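Enquirer: Assemble the complex: chain D is given as a structure, and chain R must be docked to it using the hints.
Residue numbers (our numbering), protein chains in the order written: chain D, 1 to 301; chain R, 1 to 301.
These are computed hints drawn from the structure, not numbers from a lab. In this text, all values refer to a predicted model and were calculated from it rather than measured experimentally. Take the hints with a grain of salt, since some may be wrong.
For chains that are exact copies, the list does not tell them apart, and a pair is met inside one copy or across any two.
[Claimed, not checked] Below 25 Å or equal to it, Euclidean Cα-Cα: the simulated DSS-like pairs (lysine-lysine) are:
| id | residue 1 | residue 2 |
| --- | --- | --- |
| 1 | K187 | K36 |
| 2 | K187 | K241 |
| 3 | K132 | K36 |
| 4 | K267 | K179 |
Number of protein chains: 2
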Amino acid sequence: MAFDAIETPFGKTDKILGGAATYISLSASYFTQPVKAISVVGNDFLQSDMDMLRTHGVDLEGVEVKTDEKSFFWKGKYHADMNTRDTLATELNVLGSFDPQVPDSYQGCRYLMLGNLSPDVQRQVIERLEEKPRLIVMDTMNFWMDVALESLHQTLSMVDVLVVNDEEARQLTGEYSLKRAARAIMKMGPHFVVIKKGEHGALLFHGAKVFSAPGLPLEEVFDPTGAGDTFAGGFIGYLAKTDDTSFENMKRAVIYGSAMASFCVEKFGPERLQDLPAAEIDARVEEFVTLANFDLSIHLA
Amino acid sequence: MAFDAIETPFGKTDKILGGAATYISLSASYFTQPVKAISVVGNDFLQSDMDMLRTHGVDLEGVEVKTDEKSFFWKGKYHADMNTRDTLATELNVLGSFDPQVPDSYQGCRYLMLGNLSPDVQRQVIERLEEKPRLIVMDTMNFWMDVALESLHQTLSMVDVLVVNDEEARQLTGEYSLKRAARAIMKMGPHFVVIKKGEHGALLFHGAKVFSAPGLPLEEVFDPTGAGDTFAGGFIGYLAKTDDTSFENMKRAVIYGSAMASFCVEKFGPERLQDLPAAEIDARVEEFVTLANFDLSIHLA
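If we strip away everything but chain D, and leave its shape as in the complex, we get:
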């Protein structure tokens, strides 16, 4: 949980609510509650943001408040194509010494989403759970491949699903072909791999099976910040709700995650995720069905 200051071709924000845990929790809350968050914030974190999260059924018992430090802060500026961005500032603050605490009331959780953070911290959370969750999903990024590859591999060996983007999958494996990259990742531990391709959708791999989820063509992307985390939150939220980790259900989870991410980019930060009627989510998911649907049974004779 953090602060972001975002500039896009459409405008800019001051410090607003951000952070992987925020996007994941909010997105997942549309499918399952409570969402039990583990994070750390500083003395500058807003009570109103805490309240907003609690309103969405987010349990904050595992969120440590460090009264003598500030929250993590990121400032960035997106280029005109919205696919690339410059980081203007990164202040680690409380994240510099994050020691994730797992409250007793969190023990027994069945679905664990590890947001992008140091693989050491991600592994500590797994180790502090007395019972292995039914499903552990992990996000990561290039940075950890550069500075903590060995630890990353250790954590990877403990998780069920890795969610990364195409560039990250290629860096992690040295394979350009995403099919080969996914196969290499499955040898590192995860038996499911989700490769996000931004506007081009996402691929889900499991053994020799592949599923391609389309990217919804959008009029415009207002602010891509948090889209990947929102995808992950919708993905694991849907799995937790349905309690079904079959490949067929993972496909549905990828579609729900994609739908949630398509909302996220419509406004600055997590704004769009704060008040989404269930009917809008259903309608968006229907758009994915229409988008991807084709029927070959005619003209085959």
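Expert: This is chain R only, laid out in the frame that chain D set:
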């Protein structure tokens, strides 16, 4: 119809058979015969290549042989990612003064595919057909937007379907969003737009409707030369075979075009397209069905 010399990370070729008309004709021949080709070649064009095309039901009456010139020649080298390439040589030769001839026996054709070439030449073919075909599909590229934009717009206003890649759609319209780009193109004439996204598949637009065809994740791309033309050939070949230009059938045509393109990249040049059993095409199309299929009806209650 032309000669290409291709270098990829996997090897290199001498002058081999190439050209948009070659790939389009071969690909379409798996769905409909005869395919009536209009092109121009020089005195260096091989009788064996002519014979091979005729074996695939390609009618060459409209292919002019200029005995005092050489065939068009392109030499290129692909980079390791296979998405970018350097052009090492381009010799226009016979294409420099191409005056496309439409034989009498070609009159009355119902499906016309205009391969990537000067929009003047493309328009001449349309104008030399006494009756407007049921469907005219057009390919083009950035080069013509740079040097012949006005003529390109004139030709665009006369066609039903434009097939371009994402970069070309963006340059033609100045819109980054492919949804907006497609809408802008539909105002220029075509009422269908196909935007090819390489490994990410293709989008089909018609009015407010959109269809996203997945890209088949491949182990490796051996040689991408001709993949776009092969897509176009499969697309229009399937439409000609089924004689159905509804949006639903265009979706199927995009899938068949994608399947044909996925074969093309497996070997150098048009090699893979010279002997494809129907059962292999059907099996490949089935892979697209499996790849894109999902069913939301479970867990919705």
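Enquirer: So, for every hint listed, does it hold in this structure?
Expert: Hints, verified against the model:
no.	hint	result
1	K187 to K36	neither (30 Å within a copy, 50 Å between copies)
2	K187 to K241	neither (28 Å within a copy, 45 Å between copies)
3	K132 to K36	within (16 Å within a copy, 65 Å between copies)
4	K267 to K179	between (33 Å within a copy, 18 Å between copies)
Against the hints set out earlier in the document, violations occur for numbers 1, 2.
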